[in-house]
Amino acid sequence: MSESSTARASKPSADTDLLGAMLEIRFFEDHCHELFSAGLLRGATHLGQGQEAVSVGFCRALADGDTMTCTYRGHAATLAMGAPIDRAFGEMLGRQGGLCDGKGGSMHLTDVAVGALGAFGVVGAHLPISVGAGFAAKYRGSGAVNVCFFGDGATNIGAFHESLNFASIMKLPVIFVCENNLYGEYSPIAHTTPIERLADRAASYGMHGERIDGNEVHDVLDAARRLVARAREGGGPALVEAMTYRQKGHARSDPGAYRPAGELEEWLERDPILLLERRMLESGSSQSELDSIRAEVAGEVEAALREAQSWPEPPADARLQDVAA
Amino acid sequence: MSESSTARASKPSADTDLLGAMLEIRFFEDHCHELFSAGLLRGATHLGQGQEAVSVGFCRALADGDTMTCTYRGHAATLAMGAPIDRAFGEMLGRQGGLCDGKGGSMHLTDVAVGALGAFGVVGAHLPISVGAGFAAKYRGSGAVNVCFFGDGATNIGAFHESLNFASIMKLPVIFVCENNLYGEYSPIAHTTPIERLADRAASYGMHGERIDGNEVHDVLDAARRLVARAREGGGPALVEAMTYRQKGHARSDPGAYRPAGELEEWLERDPILLLERRMLESGSSQSELDSIRAEVAGEVEAALREAQSWPEPPADARLQDVAA
Amino acid sequence: MIVTVREALNRALADSLAQDDDVFVIGEDVAANGGVFKITEGLLERFGPERIYDTPISEQAIIGCAIGSALSGLRPVAEIMFADFAAVCFDQLVNQMAKIRYMSGGQTALPVTVRMANGGGGAFAAQHSQTAENWFLNIPGLKLVAPSNPADAYGLLRAAIADPDPVLFFEHKGMYNDKGELAESPEPIEIGSAAVLRPGENATVVASQAMVAQALKAAERLAEDGISIEVIDLRTIAPLDYATIGASVDRTNHLILVQESPVGGSWAATLVTAIVARNFESLDAAPVVVAADDTPVPFGEAMERAWLPDADSIVSAAEGLLRA
Amino acid sequence: MIVTVREALNRALADSLAQDDDVFVIGEDVAANGGVFKITEGLLERFGPERIYDTPISEQAIIGCAIGSALSGLRPVAEIMFADFAAVCFDQLVNQMAKIRYMSGGQTALPVTVRMANGGGGAFAAQHSQTAENWFLNIPGLKLVAPSNPADAYGLLRAAIADPDPVLFFEHKGMYNDKGELAESPEPIEIGSAAVLRPGENATVVASQAMVAQALKAAERLAEDGISIEVIDLRTIAPLDYATIGASVDRTNHLILVQESPVGGSWAATLVTAIVARNFESLDAAPVVVAADDTPVPFGEAMERAWLPDADSIVSAAEGLLRA
Ligand SMILES: Cc1ncc(C[n+]2csc(CCOP(=O)(O)OP(=O)(O)O)c2C)c(N)n1
Ligand SMILES: Cc1ncc(C[n+]2csc(CCOP(=O)(O)OP(=O)(O)O)c2C)c(N)n1
Ligand SMILES: [Mg+2]
Ligand SMILES: [Mg+2]
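Chains as they are written, first to last, in our numbering: chain A, 1 to 325; chain B, 1 to 325; chain C, 1 to 324; chain D, 1 to 324.
Do not rely on the hints blindly, as some may be mistaken.
[What the hints assert, rightly or not] Restraint ranges, calculated between C-beta atoms of paired labels, are given here: (1) B:Glu-233 <-> D:Gly-42: 50 to 56 Å; (2) D:Ser-185 <-> B:Gly-235: 55 to 61 Å; (3) D:Gly-42 <-> C:Glu-50: 46 to 52 Å; (4) D:Glu-41 <-> A:Ala-14: 48 to 54 Å; (5) D:Ala-14 <-> A:Arg-225: 40 to 46 Å; (6) A:Gly-256 <-> D:Arg-278: 43 to 49 Å; (7) A:Gly-143 <-> B:Glu-269: 48 to 54 Å; (8) B:Glu-210 <-> A:Gly-39: 28 to 34 Å; (9) D:Ala-277 <-> A:Ser-37: 36 to 42 Å; (10) A:Gly-299 <-> D:Glu-181: 23 to 29 Å; (11) D:Arg-46 <-> A:Gly-256: 22 to 28 Å; (12) D:Glu-41 <-> A:Ala-190: 48 to 54 Å.
[To be verified] In silico lysine to aspartate or glutamate, EDC-like type, Cα no more than 16 Å apart, as pairs: (13) C:Lys-217 <-> C:Asp-284; (14) B:Lys-171 <-> D:Glu-50; (15) D:Lys-38 <-> A:Glu-233; (16) C:Lys-38 <-> C:Asp-178; (17) D:Lys-217 <-> D:Asp-293; (18) C:Lys-217 <-> C:Glu-50; (19) A:Lys-138 <-> C:Asp-178; (20) C:Lys-38 <-> B:Glu-233; (21) A:Lys-138 <-> C:Asp-312; (22) D:Lys-38 <-> D:Asp-178; (23) C:Lys-38 <-> B:Asp-254; (24) D:Lys-38 <-> A:Glu-185; (25) D:Lys-217 <-> D:Asp-312; (26) C:Lys-217 <-> C:Asp-294; (27) A:Lys-138 <-> C:Asp-310; (28) A:Lys-138 <-> A:Glu-233; (29) B:Lys-171 <-> B:Asp-254; (30) A:Lys-171 <-> C:Glu-50.
The hints are simulated quantities; they were obtained by calculation from the structure and are not laboratory data. Glycine residues also receive a C-beta, built at the ideal position from the N, C-alpha and C atoms.
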C-alpha cells in the first residue's frame, strides 16, 4: 500500500489536506492538457477540471480495503485514492512503470493496490463491476465499501438500472456517485433526460438518494462519511447526485461551443478549489499559506511528470503479455 | 387486414365481444397445453391462462394502424390483435400456413398485417422495438399508437430503462403494459425487486404511471382507452402495471411448486373470465346465453385447430428462405 | 459410475463449492429452484444462501457482479441460462471481463466461470438455440469450453472454476440427459486439450458437443465400408488444440470439421485456417466443414432437422472427400 | 473532385436524406453537434430536427428505435459511434435485427443501416479500437460493409441505406481524413463486391480498410524486387465476394489476407476456409493471414504499432510465401 493511501486513511481531513489533494489533481490535469496540446500525449484525454471536490470528498471518506471504480474521466478519482502521481503520468504517456505499464492509457488508469479497481471506457460498464466489489465485501463480511463514480449521461444506460436494482435487493455496500456536470459529451442532460433531479431515480430501487453540492468539498465529505458509514454497517447502497461542472471540453480539443454564454464563467466562480481557499481564508489561513501549499503541490506534480518522462516506453513485445495468467 | 381486426376497430366493446375474445384465447391455450402434454407440440410453451383480460382490454382499445409487441408469453396478445386462430395454431405446430410459416413457433407469433409486430424471446428485447414503432408513428404523424406488453421481471433489465427514458424524452405514443403476474419464472417479484409498485418506476422518466386490476377487463379497457387516446393526441407514453396471475407454470411442465398454498386458488376465484361472466349475469345475461357463447367459441377454436392440423409441414428447404430480401 | 451430464455438472459445482469457500454460484433461479435446466439443484440446501444466489433478470449485473467479486478475490460461477442471452451482457463479457487483466497491465487475475446452455435441436427457434461460442472467437482473453459427455463436463468445469482467467463454459441443452461414465474420484481436465475418441487412418473428423455423437455414428457406418475415421472431440473451443489435431491430420491427410453453426466466423473456420497453415503439405485435399446452414435456427421440425448436420451429412462429406 | 472519407460519408447521408423522406438519422450527438467524428455535420441545419435526432446514451434504445421504425416502413440510419459499443446493444443487433425477417417467415423487410467507427492506431486502447465486424460473422441476416476510400464510402453507404436488409456499416476512425476522388454524380456501389485495386501475377493480397493502403505500399515495394502482387480491397465483409477473390487466386496461386484483427473467428479465417474449399487445386501453398496479435489492443505507441500489421509484415509474408 502506497504512502499516500495510508495517509488518506488515518489523517484528519484538514483543509490543507483537502486543498492539497484537489490541487494535485488540478495540476495533473493541467499538465495533461498541455501535453496533449503539445502533441506529447496520444489518444483520448477526458479531463475533469472543476470536478475535483467530488473525487476528493468521497475518497477521503474511505478506509484501507475500500475500493473505487470510475470512468474514462477518472484521473481525479484514481489520484484521490492514492495512486502515485508519477505512475499516473507514466500511464498517460504510455511508459513502462506507468500504472498499467502503458497498456491502458488515459481512459483506464488502474491501481488495484490502492483500491482503484479500474477506469472504464464504455459508459455504464463499471456500475455492474462495482456491484461485484460490494458483493465481495458483503460475502466476506469485510466491512469494505465501494464507491462508483459516473456521469449524468450514464444514468440513461441499461447497466445503470440493473446495477442499482441489484445492489439494492442485495443490500450491497456500494455508493453510486453521479457526477452531474450538466453534459454528456455535447448534450445538456435536460435534452436526454426527462427529469431534473437524477437522485430521484433512487426511488425506483427503494434506495436512498440525495443531491449535494459537488463543488463544496466539505458538503461532499460530509455526505460521503455519512453514507459510507451507513453502508459499512449494512445499511445498503445509496445514490448521490453531486452537482458540478467540467471546465474543459468533453475530450481532447472540444471547445465546448454548445455552452450557453456566461455558464462557464459562473461555474468558474464556483470552482471547488477557489471555494475551499475562500473558506480557509475566512477561517484564518493566510494567502501566503495558501500560496505555499499551491507551490509545494505544483512542485511535486511537476517533479512527478519529469520522473515519468524519464521512463522508457515498454518494449513492443510487452504487448504479448498479460492477456492470461 | 383480416376480418376480426376490422371488427376490433369498429365494434362497440360489448361484454359478449370481450367474453368471446377472452374465451378464444383461453381455449387456444388450453389446447396448446393438451397438445404439449400429448407430445404434439414441440419446444417452449409459455401459457398465460388467467391473464387474458390484459391483452383483450388493451387491444380492444386500439384502432387500425396501431401496433403491438409482446413476449414469448404472447399468444393472448397476438390473438387479441386479430391474428387468425388457425394460423396461430399452425405456427405452434410448425405448419406451412402458420403465421410465420413454421419458422418462429410458440415464442415468436407474428402477424404484421394486424399490427402484431412480433413476439420476442429475450426478456426486455422488444421494448426498444416498441419505441421504434412509436417513433415511426410520430415521425409520420400517423396518430398510431403502440402497445408493448411485458412481465414484472422484465422491469429489472436494462432495455426497460433505456426504452422508457427514450420514449419519454421523445414523447412517443407507446403504452408500456407491465403484466405483473407476481413471478418471473419461479421467482416472486418481491425477491428480485426492492419496490412493491412497479408503476412507480414511471417517475424515473417523468412518465405517467398507474396500477390497475388486470383481471377486470373493464378496468383494463377503461385505462387503455384513456391512455391510448392521450398518446394519440401527443400526450406521450405511459407505464401501466396490470395486476394479474398466471394460472399455469412458467413454461412447459413447470408444476409451480414455488407458489404459497392457497395462492392459486385465490386467483382462480378472480379468473378474468369468471369475473366478466359474473358481471354479465348480474346485469341481466342468462347462464344459457353465456353457455352458448362458450360453446360457440369452443367450436370455432376447435375447428381452427383441426384446420391447422390438416396443413403440411413446410418442406425442409423452406429453411433457406427469408434470411434476406 | 454412470451419470448424466446434468449430474456430472451438479457434482462438479458441489465439489468446487466444498473445496473452496471463495467459490459461489449466482444466476436467475439457480438457488431456490435449482436452475431452469436443474443443474444447480440441491446446492442451496447443501451450501446455503450465502453461497448460492438467485438474481433479478439482469444479466449485465450478474456478469458485472462476477467480475467485480473476482477482482476482489472471489471465484464466481455465474449462470446465464440460454447462451443466446450472452448478447444482453456482451459488453461485460467481451469489453470488460476479457480485457481487464490486459488493460491493467496484469494487476489482477479474473477467475470467473460463466455457464450457459447452447445448441439447437429442441425446437427453441432462433433466439434460444444458438452456438454462441462463435461470437467470442475474435476476443483474446476468454477461454471457451464445450464438453460432450459427463466425464468431460465434470473435469472441465472443475478446471474452469480453478482457472485464474475468465472461462465461458458451454453446456449443450440437448445433452443434459446424456449418460456416461464418471470416475469415483474424478479429476479436473486440462483446458485446451482435445480428445481422440476413436483412432482411424483415412480421415480426421473434429466435432464438438452434440456433433461428436454424430461423428462417432458416421465413423461406425463408414467403417462398414472400410473407411477408417479418426474422431476427435474438440472439448475446448479457445484455445484450440492444434497439436493434437495437426498430428492426426499428418497421419490421415484428410480433415473434416463438424459443427451445428454456420461457417462464417466459426471455430471450424479458425481451425481450417490454422491447420492449412501448419499442415498444408499433409493435406491431400481441402478440409471440409460440415456446418449448419447460413440461416437463423428455424422452428419447424423438418426444417430444424435439415438445418443441423448429422451422421448422414458427415458420411457424405467423408465419401466426397475420400473418393474425390 | 477530391474529398475526404468524412465528406463522402456526409454527402451520402445528405443525398439519401434528400432523396427519400423515410430516411432519418439518429444517434448520440449526431444532430446539434454533427457527431463525435463530425460525419453528420450540417445535416440538422439542412434537414431539420424532424429528420436528425440526438438521443440519450442508450444504444439498446437507439437500435430498437431503428428496428421498430423500419418495421413500420421507415429507413433509419443509426450511429453508435465507436464500434466497440456494439457490445452494449449486441442483443438488438444479433438476436433481434438479424432474425426478425426470418422468425416472422418473411413478413417484413428491415432496411436499417447502423454506422460505427472501428479500427485502431489512434491510441484509443482496448475498448475503443476494435474491428468489431468480426463479432457478427456467425450471424446470418446481417450485411457487413467496410469501405477504404471516399468513393466506396459514398457508394456503399448509399447502397446500405437503400438496402431492404439490415446493414452494419464500419467506418475506420483512422481514415476519416483520407482523401480520394469522388465523381460529380456518384452512384451506389453494390454490396458484396470486392474491388481489384492493382492487378498482379504472383500473389493475391486481400485487405480491408486501413490495411488496403499497407497492401498497396507492400505491392509497390515488392514490385521493385520483381514480385507482382494483385491487391484486392474486400469492401464487404459479409457476404464475401468469393468469385472475385477465387478468380484471382486461380491466376496467382497464392493468397495473403491482411487484417487488423486477431485470426480467431475473423473474416480472414472465413475467407481462407472458403477459398481452400473452392480453389484448393489452384493454391501452391497455404494461404497466409497477416493479422494482429492475439491480444486486446494495447495503448502504448510502440506496442500498438507492433500490434498492427503494416507494409513490412505484408512484404515479409509475401517473401516467405513465394520463396518457400
Ligand atoms: C456505451 C457508450 N456509449 C457512448 C459512449 C461515448 N461517450 C463517451 S463519454 C460520453 C458522455 C458521458 O456523459 P456522462 O455520463 O455525463 O459523463 P461525463 O463524460 O460528463 O463525465 C459518451 C456518450 C461510450 N463511451 N459508451
Ligand atoms: C435476457 C433474458 N434473460 C432470461 C430469460 C429467461 N426467462 C424467460 S421468461 C423469464 C421470466 C420473465 O418474467 P416476467 O418478465 O415477469 O414475465 P412472465 O414470464 O411472468 O410473463 C426469464 C427469466 C430470457 N428469456 N431473456
Ligand atoms: Mg456528464
Ligand atoms: Mg411475471
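Quiz item: Has the hinted range 55 to 61 Å been met by the Cβ atoms of Ser-185 of chain D and Gly-235 of chain B?
Solution: Check failed, 46 Å falls outside 55 to 61 Å.
Self-check item: Gly-42 of chain D paired with Glu-50 of chain C, Cβ distance criterion 46 to 52 Å
Solution: violated, 59 Å
Quiz item: Does the alpha-carbon distance linking Lys-138 of chain A and Glu-233 of chain A stay inside the 16 Å limit?
Solution: Roughly 10 Å between the alpha carbons, so the hint for Lys-138 of chain A and Glu-233 of chain A holds.
Quiz prompt | Satisfaction of hint between Glu-233 of chain B and Lys-38 of chain C, Cα-Cα up to 16 Å | solution = violated, 49 Å
Quiz item: Taking 16 Å as the top limit, are the C-alpha atoms of Lys-171 of chain A and Glu-50 of chain C close enough?
Solution: holds, 13 Å
Practice problem: Verify the proposed pairing of Lys-38 of chain D with Glu-185 of chain A, using a straight-line Cα cut of 16 Å. | Solution: holds, 13 Å
Quiz item: Does the Cβ pair Glu-41 of chain D, Ala-14 of chain A satisfy 48 to 54 Å?
Solution: For Ala-14 of chain A against Glu-41 of chain D, whose Cβ atoms are near 50 Å apart, the range 48 to 54 Å holds.
Practice problem: Could you tell me whether the CB distance from Glu-41 of chain D to Ala-190 of chain A stays inside 48 to 54 Å? | Solution: violated, 23 Å
Quiz item: Do the beta carbons of Arg-46 of chain D and Gly-256 of chain A sit within 22 to 28 Å of each other?
Solution: Holds, since Arg-46 of chain D and Gly-256 of chain A (Cβ atoms, about 24 Å apart) stay within the stated range.
Quiz item: Lys-171 of chain B and Glu-50 of chain D: Cα distance at most 16 Å?
Solution: Distance of about 13 Å is within 16 Å: holds.
Quiz item: Between Lys-38 of chain D and Asp-178 of chain D, does the CA-CA distance stay at or below 16 Å?
Solution: Given that 16 Å is the threshold and the Cα spacing comes to 14 Å, the pair holds.
Quiz item: Taking only the CA atoms, is the gap from Lys-38 of chain C to Asp-254 of chain B under or equal to 16 Å?
Solution: Holds, at about 12 Å.
Hint violations for this structure: numbers 1, 2, 3, 5, 6, 8, 9, 10, 12, 13, 15, 17, 18, 19, 20, 21, 26, 27 and 29, all remaining hints satisfied.
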